[in-house]
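Number of protein chains: 2
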Amino acid sequence: MIRTIGFDADDTLWHNENIFDRAQERYRRLLEKYHPAAEVNVALFATEMRNLRLYGYGIKGFMLSATETAIELTKGEISAAEIREILRLGQDMIAHPVELLPDAAAVVPALAKDYRLLLITKGDLRDQERKIAASGLAAHFHAIEILSEKDDAAYARVLQRHGVDPKEFAMVGNSLKSDILPILALGGAGVHMPYHLTWQHERVEEAPRHQPRFRHIERLAELPPLLPTL
Amino acid sequence: MIRTIGFDADDTLWHNENIFDRAQERYRRLLEKYHPAAEVNVALFATEMRNLRLYGYGIKGFMLSATETAIELTKGEISAAEIREILRLGQDMIAHPVELLPDAAAVVPALAKDYRLLLITKGDLRDQERKIAASGLAAHFHAIEILSEKDDAAYARVLQRHGVDPKEFAMVGNSLKSDILPILALGGAGVHMPYHLTWQHERVEEAPRHQPRFRHIERLAELPPLLPTL
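Chain order of the listed sequences is A and B.
Numbering-wise (the working numbering), the first sequence opens with residue -12 and increments by one.
Numbering-wise (the working numbering), the second sequence opens with residue -12 and increments by one.
Calculated directly from the structure, the hints in this document are not laboratory data.
Any given hint could turn out to be false.
One copy or two, either will do: identical chains are not told apart, so a pair holds if it fits within one copy or between any two.
What the hints assert, rightly or not - With a straight-line Cα cutoff of 25 Å, these simulated SDA-like cross-link-like pairs (lysine to any residue) come out: (1) Lys62 with Val29; (2) Lys164 with His183; (3) Lys62 with Leu76.
Just so we're clear, the structure is a prediction, and the values are computed from it rather than from any experiment.
Please model the entire structure based on the sequences and the hints provided.
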């Protein structure tokens, strides 16, 4: 029986990847006079992966890797004014208003009456705190955990810290890799709600459909009736 | 009677500001053909303060603000290769080994036998976690709190979360502004251990010497005998 629900934040409660997507579109347009747009994505992703250990997740790391990639791809031909434009598009991302996903504003307060809710996210500390505050949902969560990585060990620490038995825990999120597979491995339930965009780093081949505690939903309104079946 | 001790991390347990200091020296040298070195610091600090709300504390924000400042100060004359050098000096900062301050390796384990220790720091999540792991001191702390800001409200939340009575709490740190004044305001004890360098943003005019629960030490070895007097 589920007593505690963990919610991912970006692309589960509010839009995020669409902001990255539009920023990358701006970035490709900025570089198109130097480099074919199709290759820009591949090069940027390679830089992001090389720098992930140094920068972690989040917009600031994206800005730094995008600047580095632009210098590489243009063989140093890019102008300072164009680099200033890369910084500006990142600053616009950080300042972007929080847009809740459908049902979030109704489902989260309703579930908070019957379950203990944890918000479990990863990324820049400051940026995640800003979005949580702006979402208007913070008061419904028993605790907010901002992690540098969402793997089995990190989830195990969070559940232990809050005295949660994994059997009584369901995690809801858009990333199979970061939200679902680690929780299934710990013996909890995983409710996958895909977002229409997935960052390449978060992609996994196949949903664990053979797992009895795995569920798939299309929108948050499907979550409350599903919880008693887990 | 003190039961719980909070330790700041950067410039209290290990060196940090000297890494920023050397990076800024490299940065000034990089820009000196464009701009007088004395004015570079002023401009960089102004950019950092303007961006603090967006970026928070830490090396990634420093790298982004240093890039932005270089473009401004050189009126866009700086080359992409020179901007790549700014990114490189930031990456070197992140990869810099952790160097403990004198006494830290002995005093922290000794105090952990008699007190509950909390590590309370601010900055980039990933970067702080890396330094805590590399310090070898993590196991002596009951909990590690990485905050986006160290003010009265943030400390009050941390103390409440761990069930700590402020009267029974002492905070040790190098910043009067971030480590000492908020704790004195909450009714706790503050032990100030200045580092030989202080970032301009952390400077306050005067130590609160009239406060009965304020102490000043020069090195960590002075801390254990002082705690029973607080």
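If the cut is 25 Å between Cα atoms, do Lys62 and Val29 qualify within a copy, between copies, both or neither?
within (16 Å within a copy, 31 Å between copies)
Intra/inter-copy verdict for Lys164 and His183 if alpha-carbon distance must be at most 25 Å:
Intra 16 Å, inter 45 Å, cutoff 25 Å: intra-copy only.
Copy assignment of Lys62 with Leu76, given that the CA separation must stay at most 25 Å
Intra 21 Å, inter 19 Å, cutoff 25 Å: intra and inter.
Hint compliance for this structure: every hint is met.
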